[in-house]
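S.K.: Sequence:
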Amino acid sequence: MFARLTALVGSGNSLPLEVTGEPSLIWGSWTHTSGKWKADGSAVSVFRVASSNPSDPKLAAARNGTKRLRTLRHPNVLIFKETLELEEKGEQVIYLITEPIVPLAEFLESTTLTGTDRQEYLTMGFHALVAAVSFLNIDCSLIHGNICSGAIAVTPTLDWKLCGMDLLTEHAQVGPASPLAAAAWLVASQYKPGEVGRGEWEAVRAAPPWAVDAWGLGCLMQELYSGHALERLEDLRRTDVIPPSLVQWYQKLLSSTPARRLSPARLVESGVLRTSLVQLMAFLENLALKDSQEKDAFFKRLPSLLPSVPTPVAQRKLLPLLAGALEYGGAPHAALGTLLTIGETLPPEEQAARVVPIIAKLFAASDRNIRRGLLENIGAYGASLPEALVEEQIFSHVATGFTDGNPYLRELTLKSMVILGPKLSQKTLNQVLLKHLAKLQVDEEPSIRANTTVLLGTLATHLSEATCRKVLLNAFTRALRDGFPPARAAGLRAIIATAKFHSPEDAATRILPAIGALCIDPVAEVRASALDCLEHFSAVLKAHQQDLTARAEASTATGGGPTASSSGAGSATAGGGLMTSLGWAASSLGLARAGAASPVPTAAGGSGQVGGPAAGGSGSGAGARAAPAGPTPSERPRSSAAPPSPPDTLASARSQQPLGADEGWDEDDADGLAEHEEELAARRRLASASLRPAPRAPVQAKPRGPPSHVAAPAPSSGDDWFDQPAAGAAPRPRAALAPRRAAGTAAAAPRRSGAGGGMKLGVSKLASDAKPADFDEW
Numbered sequence: 001m002f003a004r005l006t007a008l009v010g011s012g013n014s015l016p017l018e019v020t021g022e023p024s025l026i027w028g029s030w031t032h033t034s035g036k037w038k039a040d041g042s043a044v045s046v047f048r049v050a051s052s053n054p055s056d057p058k059l060a061a062a063r064n065g066t067k068r069l070r071t072l073r074h075p076n077v078l079i080f081k082e083t084l085e086l087e088e089k090g091e092q093v094i095y096l097i098t099e100p101i102v103p104l105a106e107f108l109e110s111t112t113l114t115g116t117d118r119q120e121y122l123t124m125g126f127h128a129l130v131a132a133v134s135f136l137n138i139d140c141s142l143i144h145g146n147i148c149s150g151a152i153a154v155t156p157t158l159d160w161k162l163c164g165m166d167l168l169t170e171h172a173q174v175g176p177a178s179p180l181a182a183a184a185w186l187v188a189s190q191y192k193p194g195e196v197g198r199g200e201w202e203a204v205r206a207a208p209p210w211a212v213d214a215w216g217l218g219c220l221m222q223e224l225y226s227g228h229a230l231e232r233l234e235d236l237r238r239t240d241v242i243p244p245s246l247v248q249w250y251q252k253l254l255s256s257t258p259a260r261r262l263s264p265a266r267l268v269e270s271g272v273l274r275t276s277l278v279q280l281m282a283f284l285e286n287l288a289l290k291d292s293q294e295k296d297a298f299f300k301r302l303p304s305l306l307p308s309v310p311t312p313v314a315q316r317k318l319l320p321l322l323a324g325a326l327e328y329g330g331a332p333h334a335a336l337g338t339l340l341t342i343g344e345t346l347p348p349e350e351q352a353a354r355v356v357p358i359i360a361k362l363f364a365a366s367d368r369n370i371r372r373g374l375l376e377n378i379g380a381y382g383a384s385l386p387e388a389l390v391e392e393q394i395f396s397h398v399a400t401g402f403t404d405g406n407p408y409l410r411e412l413t414l415k416s417m418v419i420l421g422p423k424l425s426q427k428t429l430n431q432v433l434l435k436h437l438a439k440l441q442v443d444e445e446p447s448i449r450a451n452t453t454v455l456l457g458t459l460a461t462h463l464s465e466a467t468c469r470k471v472l473l474n475a476f477t478r479a480l481r482d483g484f485p486p487a488r489a490a491g492l493r494a495i496i497a498t499a500k501f502h503s504p505e506d507a508a509t510r511i512l513p514a515i516g517a518l519c520i521d522p523v524a525e526v527r528a529s530a531l532d533c534l535e536h537f538s539a540v541l542k543a544h545q546q547d548l549t550a551r552a553e554a555s556t557a558t559g560g561g562p563t564a565s566s567s568g569a570g571s572a573t574a575g576g577g578l579m580t581s582l583g584w585a586a587s588s589l590g591l592a593r594a595g596a597a598s599p600v601p602t603a604a605g606g607s608g609q610v611g612g613p614a615a616g617g618s619g620s621g622a623g624a625r626a627a628p629a630g631p632t633p634s635e636r637p638r639s640s641a642a643p644p645s646p647p648d649t650l651a652s653a654r655s656q657q658p659l660g661a662d663e664g665w666d667e668d669d670a671d672g673l674a675e676h677e678e679e680l681a682a683r684r685r686l687a688s689a690s691l692r693p694a695p696r697a698p699v700q701a702k703p704r705g706p707p708s709h710v711a712a713p714a715p716s717s718g719d720d721w722f723d724q725p726a727a728g729a730a731p732r733p734r735a736a737l738a739p740r741r742a743a744g745t746a747a748a749a750p751r752r753s754g755a756g757g758g759m760k761l762g763v764s765k766l767a768s769d770a771k772p773a774d775f776d777e778w
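Residue 212 in full-length UniProt numbering sits at position 212 of the sequence shown; the count goes up by one each step and never skips.
Since the hints were derived computationally from the structure, they do not count as laboratory data. Computed from a prediction, not measured in an experiment: that's the story for all the values here. For every residue, glycine included, the Cβ atom is placed at its ideal position computed from N, Cα and C. Heads up, some of the hints might be wrong.
Stated by the list, open to error - With a straight-line Cα cutoff of 25 Å, these simulated DMTMM-like cross-link-like pairs (lysine to aspartate or glutamate) come out: (1) K542 - E505; (2) K361 - E392; (3) K542 - E465; (4) K415 - E465; (5) K67 - E85; (6) K38 - E87; (7) K36 - E350; (8) K500 - D547; (9) K81 - E18; (10) K192 - E202; (11) K36 - E99; (12) K295 - D367; (13) K427 - E445; (14) K423 - D532; (15) K36 - E85; (16) K67 - E88; (17) K295 - E344; (18) K67 - E91; (19) K435 - E411; (20) K361 - E411; (21) K300 - E349; (22) K67 - D139; (23) K252 - E202.
Claimed, not checked - Computed beta-carbon distance windows for the label pairs: (24) A353 - H544: 49 to 55 Å; (25) A554 - D404: 56 to 62 Å; (26) P347 - D139: 37 to 43 Å; (27) E18 - E391: 32 to 38 Å; (28) A353 - N286: 46 to 52 Å; (29) K435 - T549: 40 to 46 Å; (30) A60 - G21: 51 to 57 Å; (31) H544 - A334: 55 to 61 Å.
Generate coordinates for the entire structure from the input sequences, incorporating the hints supplied.
M.R.: See below:
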């Protein structure tokens with residue numbers, strides 16, 4: 001029995017385990033304490049008995065108990081691990097190492113189970129003990145001889161295990177020299193039936209094998225339901241503490257005639273102990289023997305049965321059973337919901353220790369239904385997932401859902417990144433996750449495209465600043481062109497939410513131009529979001545302008561040269577006001593849009609008229625406003641090919657189909673998502689050009705005109721209108737401007753020229769203190 005002693009102990013007497021708890025008396029001469037193996041740190045229980053007399057009967061009984069326990073295997077019998085016999089400080093010591101347990105009496109004192117939950121749990125435990133005794137008595141023809149609360153241990157999963165095998169004897173070998181007789185002094189008299197107390201070993205051998213232990217089961221029932229240890233034989237007469245449904249069975253167990261005592265097997269088969277909790281646990285423990293129909297029916301009912309299960313039992317017994325069934329494929333995916341529901345009741349530290357390892361294994365399962373269940377309930381356990389576990393074990397399995405053919409799984413995977421994304425490293429975020437999001441933003445499902453934008457805005461704070469500046473605007477402006485209204489609204493809200501990553505230059509050159517058309521979007525939600533975005537970034541630009549002005553004033557006060565912003569303001573005033581430049585830019589934009597929609601109308605046969613905002617803007621000023629010969633805005637003929645109204649243009653420019661994969665933020669760029677630097681530089685130059693001062697016109701310049709032998713045409717309001725470059729190109733420089741006309745002088749009406757019938761417009765000088773004549777109508 002002690003062949004492994006040398007291997008375990010080595011050359012010295014040190015134990016191969018570490019004792020971690022205080023020893024306490026469990027039964028007879030045995031003390032119990034907790035410990036762990038030094039080799040792997042696994043938890044164990046350590047039982048110890050010692051005596052200075054090597055021939056002490058308690059040592060002989062302990063040797064019998066360890067030998068018997070080594071050979072017994074039953075779900076409700078304590079699991080044997082190792083035994084050692086050493087000499088310590090002049091004493092002979094026997095160690096018994098088993099699975100970790102807590103004595104039943106200690107557990108019942110510390111448990112929070114009360115009322116009906118306590119009764120349910122006690123009945124479940126008693127049912128397990130009766131099954132173990134039935135196994136010994138009927139299947140093995142053994143007599144335990146020591147059935148009491150001291151011989152019962154409780155495992156971490158709240159299972160009851162039978163221990164205290166010191167008196168275990170074969171039924172046919174009962175006699176004065178048998179362990180049952182030799183160690184009978186270890187058992188208190190109230191636990192002994194009459195024949196054992198009187199030493200009538202022949203009567204014991206003549207009685208059924210269960211007769212002695214049936215008496216012990218009656219004593220155990222009295223202890224369980226009364227709540228205290230049995231102290232006197234007379235206490236067995238109390239039946240008021242026994243549940244009414246068990247009274248008659250209790251009395252049969254305690255019959256004075258050994259042959260008439262109730263068999264443990266009959267008690268199990270009677271069904272009186274098969275409560276709903278017992279049946280639930282029995283089904284799960286024998287799940288491998290059930291067919292698929294039985295499993296499906298059971299797990300459909302399980303959520304409705306869960307509230308009746310005592311919380312400690314659900315957390316410590318039901319949870320491991322469900323985890324094992326799911327891990328090894330014994331349970332359908334419907335069991336996952338119950339497992340996660342139980343996990344929510346655990347404290348965070350226990351959830352991390354007991355639920356998270358199970359979830360990590362389940363994510364690796366090939367069953368898509370299990371993965372779907374995990375993603376649907378990720379909010380229940382996601383916070384407990386360690387970052388290292390998500391990075392190394394979970395994300396690689398979850399990421400397969402980004403390309404799943406089922407749209408529902410793709411969307412669940414996308415939404416799970418709200419919880420899992422912040423736990424990923426920067427390398428995984430940039431090189432893996434963002435590439436998946438770039439593809440999902442052109443997914444065929446509109447809701448997935450919209451939610452991708454929402455997710456990207458949520459994850460912005462977890463990305464590096466450089467990544468944000470390269471990725472966010474490209475992605476959000478792509479969303480603004482989506483045909484699905486919620487996707488456009490999501491893009492607008494995301495731009496506002498990530499405003500701290502967008503510079504004033506980005507706001508002026510990229511954001512405001514992109515959101516302008518959405519201010520007249522047909523969908524109210526999009527319009528409202530666009531106006532909010534417009535208001536927000538207008539305030540940003542206003543604050544930026546004030547900052548630039550303050551810097552310019554500070555530079556001037558300290559004797560520095562004028563900055564671009566201060567000189568630009570003065571030049572604009574001298575050249576006709578800031579509104580002139582703004583009107584020119586708006587007119588050019590209008591021409592560009594009109595030209596894209598329809599050809600520019602030309603003057604044919606000398607009957608053409610030039611109208612529209614551009615003409616009015618070019619010929620504004622005091623002289624233009626007082627000209628009697630010029631046509632009024634209402635008299636100007638309109639082109640039959642006028643550009644469509646803004647809502648129609650917006651609707652025709654959009655499609656309900658998703659954007660192409662080559663639009664927006666391209667993942668094939670240098671970093672996968674960067675915008676071309678030359679385009680950014682060009683946009684910055686364009687933005688700065690609008691702030692440069694306009695050059696002053698020379699006052700005494702000679703007006704341009706035909707050769708001396710040809711009469712010069714009269715001044716007009718639109719010089720070289722048809723020779724202007726295309727909208728967006730730099731204007732061709734003019735040789736000179738006409739001399740300044742005194743304020744109030746009427747501008748000459750345009751006259752027709754040549755036989756070709758074309759119209760040549762002269763130059764009309766803008767007055768710095770007057771707005772264009774047709775500004776209000778424009």
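S.K.: K423 and D532: Cα distance at most 25 Å?
M.R.: 32 Å, violated
S.K.: Straight-line Cα separation of K67 and E85 no greater than 25 Å?
M.R.: Answer holds: K67 to E85 is near 12 Å, not above 25 Å.
S.K.: Does the alpha-carbon distance linking K300 and E349 stay inside the 25 Å limit?
M.R.: Violated, at roughly 30 Å.
S.K.: Measure nothing beyond the straight line between the CA atoms of K542 and E505; if it is 25 Å or shorter, mark the hint as holding.
M.R.: OK: K542 and E505 at ~12 Å, within 25 Å.
S.K.: Sort out whether E85 lies within 25 Å of K36, counting only the CA atoms.
M.R.: It holds: about 18 Å lies between the C-alpha atoms, which stays within 25 Å.
S.K.: Do the alpha carbons of K67 and E91 lie within 25 Å of each other, as the hint requires?
M.R.: 21 Å, holds
S.K.: Hint says 51 to 57 Å; check whether the CB-CB distance for A60 and G21 agrees.
M.R.: 27 Å, violated
S.K.: Is K500 close enough to D547, meaning Cα to Cα at most 25 Å?
M.R.: Given that 25 Å is the threshold and the Cα spacing comes to 17 Å, the pair holds.
S.K.: Can the suggested window of 56 to 62 Å be confirmed for the beta-carbon pair A554 and D404?
M.R.: 59 Å, holds
S.K.: Would you mind confirming whether the straight-line C-alpha gap from K542 to E465 stays at or under 25 Å?
M.R.: 24 Å, holds
S.K.: Could you say whether the range 40 to 46 Å given as a hint is met by the Cβ separation of K435 and T549?
M.R.: Check passed, 43 Å falls within 40 to 46 Å.
S.K.: Holds or violated: K67 and E88, Cα atoms, limit 25 Å.
M.R.: 22 Å, holds
The structure shown violates the earlier hints numbered 13, 14, 21, 28, 30.
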